[in-house]
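Each chain is listed here by its residues.
Number of protein chains: 2
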Amino acid sequence: MPPTSIPAGARRGRPGYDQATVLKIAVEAFTEFGYDATSMGMLAERLGISKSAIYHHVPSKVEILRLALDTALTPLEAVFDAPGAHSGPAVERLRFVIRSTVVALFDRRPYVTLLLRLRGNTEVELAAMQRRRQLDRRVAELVKAAQDEGSLRADLEPGPVARFLFGTVNSLTEWYRPEGRFSQREAEQTIIAMLFDGLLPRR
Amino acid sequence: MPPTSIPAGARRGRPGYDQATVLKIAVEAFTEFGYDATSMGMLAERLGISKSAIYHHVPSKVEILRLALDTALTPLEAVFDAPGAHSGPAVERLRFVIRSTVVALFDRRPYVTLLLRLRGNTEVELAAMQRRRQLDRRVAELVKAAQDEGSLRADLEPGPVARFLFGTVNSLTEWYRPEGRFSQREAEQTIIAMLFDGLLPRR
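Line by line, the protein sequences are chains A and B. No gaps in the numbering here: position 96 of the first sequence is 96 in full-length UniProt numbering, and each next residue is one more. No gaps in the numbering here: position 44 of the second sequence is 44 in full-length UniProt numbering, and each next residue is one more.
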């Protein structure tokens with residue numbers, strides 16, 4: 001955050017006010033107040049720049065949102081393009097996808113948090129929700145493939161299983177505290193252990 | 001929803017405008033627009049009554065919120081007072097609690113959805129979050145007790161396990177469609193199967 005003591009006239013050309021900074025501040029505000037309740041004026045104030053100066057970095061509020069959601073979705077989608085999602089038994093590919101989704105969530109946490117909280121009806125939000133549903137479908141396909149190869153129990157429906165898998169992973173955005181003693185690596189391992197092996201002991 | 005053709009003067013004494021109706025409409029609006037963005041005027045408009053008439057049913061917006069969150073939390077808390085949460089091995093009590101939490105969530109779904117979406121700093125919201133954390137603690141205690149009796153794997157931390165358990169259950173508010181072909185009973189069974197037995201086959 002910029003020190004508030006810098007005179008307005010000196011701010012315009014200050015280094016650090018690149019698009020990434022505007023995006024970061026905007027995502028924080030969208031998450032805190034909601035997208036609709038956040039104005040470009042509020043963002044400019046938080047950045048300590050004038051309302052006209054913010055348009056040097058981003059064309060509009062909706063473009064910031066589009067960029068923010070893309071920042072969340074691109075690495076989540078990339079998980080499915082990695083080699084680990086394409087080689088080996090389906091159960092191993094599913095495990096890779098869930099594990100990598102946790103990693104991507106931690107890496108882009110504020111953006112993923114925003115993505116998960118949005119429920120609006122703007123074109124940009126609907127497009128992002130469509131991309132999320134595509135992730136659901138790809139996980140459901142992996143569940144189905146693992147059931148077909150006999151490596152996953154076959155008595156559960158792939159669609160709901162995919163939704164619950166994401167539900168467990170996504171809950172991290174709600175309660176995980178990076179400063180706590182539970183590491184990201186442990187979070188990843190606990191999720192895989194709970195969902196694949198289950199909480200009951202395997203004898 | 002009231003028909004909009006009824007003249008304003010006739011509305012005041014209409015049956016059906018009890019506190020429960022006001023609560024229902026308010027919870028829908030709070031969930032759709034956010035608590036802060038919803039005014040008593042908006043609620044009156046949705047109910048088709050005057051702004052002063054709404055105060056015949058509820059004293060204030062914050063009291064509606066308090067009532068709504070209590071409507072969500074009371075049955076979730078009651079789960080822990082039921083006989084099934086107090087008798088038998090800890091692993092059975094834990095299974096009972098998770099299963100009953102799913103049932104309570106479906107029963108009070110709009111209220112639980114509101115509860116889960118709130119992140120404000122009003123006293124009422126903080127009190128509700130405090131009650132949620134108490135539920136987390138009680139589940140974590142059950143996980144610990146089940147680990148101690150040897151009926152649950154002991155290599156996972158009870159606190160995070162409790163958070164993930166709720167994360168899986170709570171995701172239902174985000175994606176479950178009552179009109180779909182996946183029943184509430186199946187949702188309950190799938191959750192228990194995934195979390196306790198795991199997705200891998202048990203041989």
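Since the hints were derived computationally from the structure, they do not count as laboratory data. Beta carbons: idealized from backbone N, C-alpha and C, even for Gly. Just so you know, not all the hints are guaranteed correct.
Selected chain B positions facing chain A (Cβ under 8 Å, derived; list incomplete) [unchecked claim]:
(1) M42
(2) Y55
(3) V58
(4) V62
(5) F80
(6) A82
(7) H86
(8) F182
(9) T190
(10) A193
Which chain B residues stay away from chain A? Per the calculated CB distances, all over 12 Å, these [stated by the list, open to error]:
(11) G34
(12) K51
(13) F96
(14) R138
Taking the hints in turn, this is what the structure says about them:
Among the interface hints, the one on M42/B is violated; its C-beta lies about 14 Å from the nearest C-beta in chain A, farther than the 8 Å criterion. Because the smallest distance between the Cβ of Y55/B and any Cβ of chain A comes to about 26 Å, over 8 Å, the interface hint for this residue is violated. The beta carbon of V58/B is not positioned within 8 Å of any beta carbon in chain A (closest approach about 24 Å), and the interface hint is therefore violated. Interface hint status for V62/B: violated, as the beta-carbon distance to the closest one in chain A is roughly 19 Å, over 8 Å.
With a cut of 8 Å, the hint placing F80/B at the interface with chain A is violated, because the nearest CB-to-CB distance is about 19 Å. With a cut of 8 Å, the hint placing A82/B at the interface with chain A is violated, because the nearest CB-to-CB distance is about 21 Å. Nearest Cβ of chain A to the Cβ of H86/B: about 20 Å, over the 8 Å cut. The hint is violated. The closest approach between the C-beta of F182/B and any C-beta of chain A is roughly 5 Å, which is under the 8 Å cut-off, so the hint is satisfied.
The interface hint given for T190/B is met, as the beta carbon of that residue sits about 5 Å from the closest beta carbon of chain A, less than 8 Å. Interface restraint check for A193/B: the shortest CB-CB distance to chain A comes to about 6 Å, inside 8 Å, so the restraint holds. Not every CB of chain A lies more than 12 Å from the CB of G34/B, the least distance being 6 Å, so the non-interface label is violated. Every C-beta of chain A lies more than 12 Å from that of K51/B, the closest at about 22 Å, which supports listing it as non-interface.
At the 12 Å boundary, the C-beta of F96/B stays outside the reach of chain A, the nearest C-beta of that chain being 14 Å off. Distance to chain A confirms R138/B as a non-interface residue, since its nearest Cβ pair spans about 15 Å, more than 12 Å.
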